[in-house]
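Engineer: Full structure from sequences and hints, please.
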Amino acid sequence: MNPTTTILSLVAAALAGITVVTFNDADIAKKDVINAKEESLVAIRASGAKIAAAERKTFEAEVRAKAALASEAAAKEAAKATVDGSKKTSEDLTKALAELKASATKIAELEKARSEAAARINETNAEVAKLRDGSDLRAAQAKAKRAEGDLEQASIALRDANAKLDEVSKKLAVLEEENARIKADAKGFDNPSPNYRAR
Numbered sequence: 001m002n003p004t005t006t007i008l009s010l011v012a013a014a015l016a017g018i019t020v021v022t023f024n025d026a027d028i029a030k031k032d033v034i035n036a037k038e039e040s041l042v043a044i045r046a047s048g049a050k051i052a053a054a055e056r057k058t059f060e061a062e063v064r065a066k067a068a069l070a071s072e073a074a075a076k077e078a079a080k081a082t083v084d085g086s087k088k089t090s091e092d093l094t095k096a097l098a099e100l101k102a103s104a105t106k107i108a109e110l111e112k113a114r115s116e117a118a119a120r121i122n123e124t125n126a127e128v129a130k131l132r133d134g135s136d137l138r139a140a141q142a143k144a145k146r147a148e149g150d151l152e153q154a155s156i157a158l159r160d161a162n163a164k165l166d167e168v169s170k171k172l173a174v175l176e177e178e179n180a181r182i183k184a185d186a187k188g189f190d191n192p193s194p195n196y197r198a199r
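Counted from 1, the sequence shown has number 52 at position 52 by our numbering; the numbering is strictly sequential.
I should point out that these hints are in silico values taken from the structure, not numbers from a laboratory.
Be aware that a few hints might be false.
Stated by the list, open to error - Derived BS3-like pairs: lysine-lysine, alpha-carbon spacing no greater than 25 Å straight-line: (1) K101 - K80; (2) K171 - K101; (3) K101 - K170; (4) K88 - K183; (5) K183 - K80; (6) K95 - K183.
Claimed, not checked - If you anchor each label on the Cβ, the simulated ranges turn out as follows: (7) F59 - K171: 51 to 61 Å; (8) L97 - A184: 32 to 42 Å; (9) E167 - E62: 28 to 38 Å; (10) A180 - A102: 20 to 30 Å; (11) Q153 - E127: 48 to 58 Å.
For every residue, glycine included, the Cβ atom is placed at its ideal position computed from N, Cα and C.
Structural biologist: Okay, here's the thing in structure tokens:
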């Protein structure tokens, strides 16, 4: 074999070896790329799951916070309504007491008017007993009739006043009972816990 043939044979063998090595390296590189992609996908999926879990926990925390705020607002509104109701009842109670006092004064005045009318009737009857004829008798009779009318009016007014007094007394009793109930309910708001429920 001449030298040229030998050299060409060696060169061909070397090129064949390089080609085999190159192909092997390319396959390994492709496998590495595929493995890297798969690992990246796994890592991305895991990160996505963690992010989703974190977002879910955040959302749940926000829901709980909103519910707590709503409960607190409802408790404050209920407390305000109770205070307003207590104030209104106190005002009604004060008004009823004033009406009761005015009614009692009116009754005293009517009692006095009735006593005065009765006294006038007695006086007139005494005069009528002394008079037997003429204009003096007619005048005395007219006076007695007017006195009887005054007495009747005074009696009617007194009955009306007594009826109004009874009505005011009943209203006062109802208001006092309502005021006591509201004060009892208001004690529950000393505890601001959202677990408290007004009766």
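Engineer: Run every hint past the structure and note whether it holds.
Structural biologist: How the hints compare with the structure:
Between K101 and K80 the alpha-carbon distance is near 32 Å, which puts this suggested pair outside the 25 Å criterion. Among the hinted pairs, K171 with K101 is consistent with the structure: their alpha-carbon atoms are about 14 Å apart, no more than 25 Å. Distance restraint check for K101 and K170: the Cα-Cα separation of roughly 14 Å lies within the 25 Å cut-off, and the hinted pair is therefore satisfied. Note on K88 and K183: the hinted pairing holds, with a Cα-Cα distance of about 12 Å set against a maximum of 25 Å.
As the CA atoms of K183 and K80 are separated by approximately 13 Å, the hinted pair is consistent with the 25 Å bound. Of the supplied pair hints, the one linking K95 and K183 holds, its CA atoms being roughly 19 Å apart against a limit of 25 Å. Range check, F59 to K171: about 55 Å between beta-carbon atoms, so the 51 to 61 Å window is met. Distance hint check for L97 and A184: the Cβ-Cβ separation is about 21 Å, which falls outside the suggested range of 32 to 42 Å.
Hint check: E167 to E62, Cβ distance near 57 Å, so the stated range 28 to 38 Å is violated. A C-beta distance of roughly 25 Å is found between A180 and A102, which places it inside the suggested range of 20 to 30 Å. The given range of 48 to 58 Å is broken by Q153 and E127, whose C-beta atoms sit roughly 22 Å from each other.
In summary, the numbered hints that this structure violates are 1, 8, 9 and 11.
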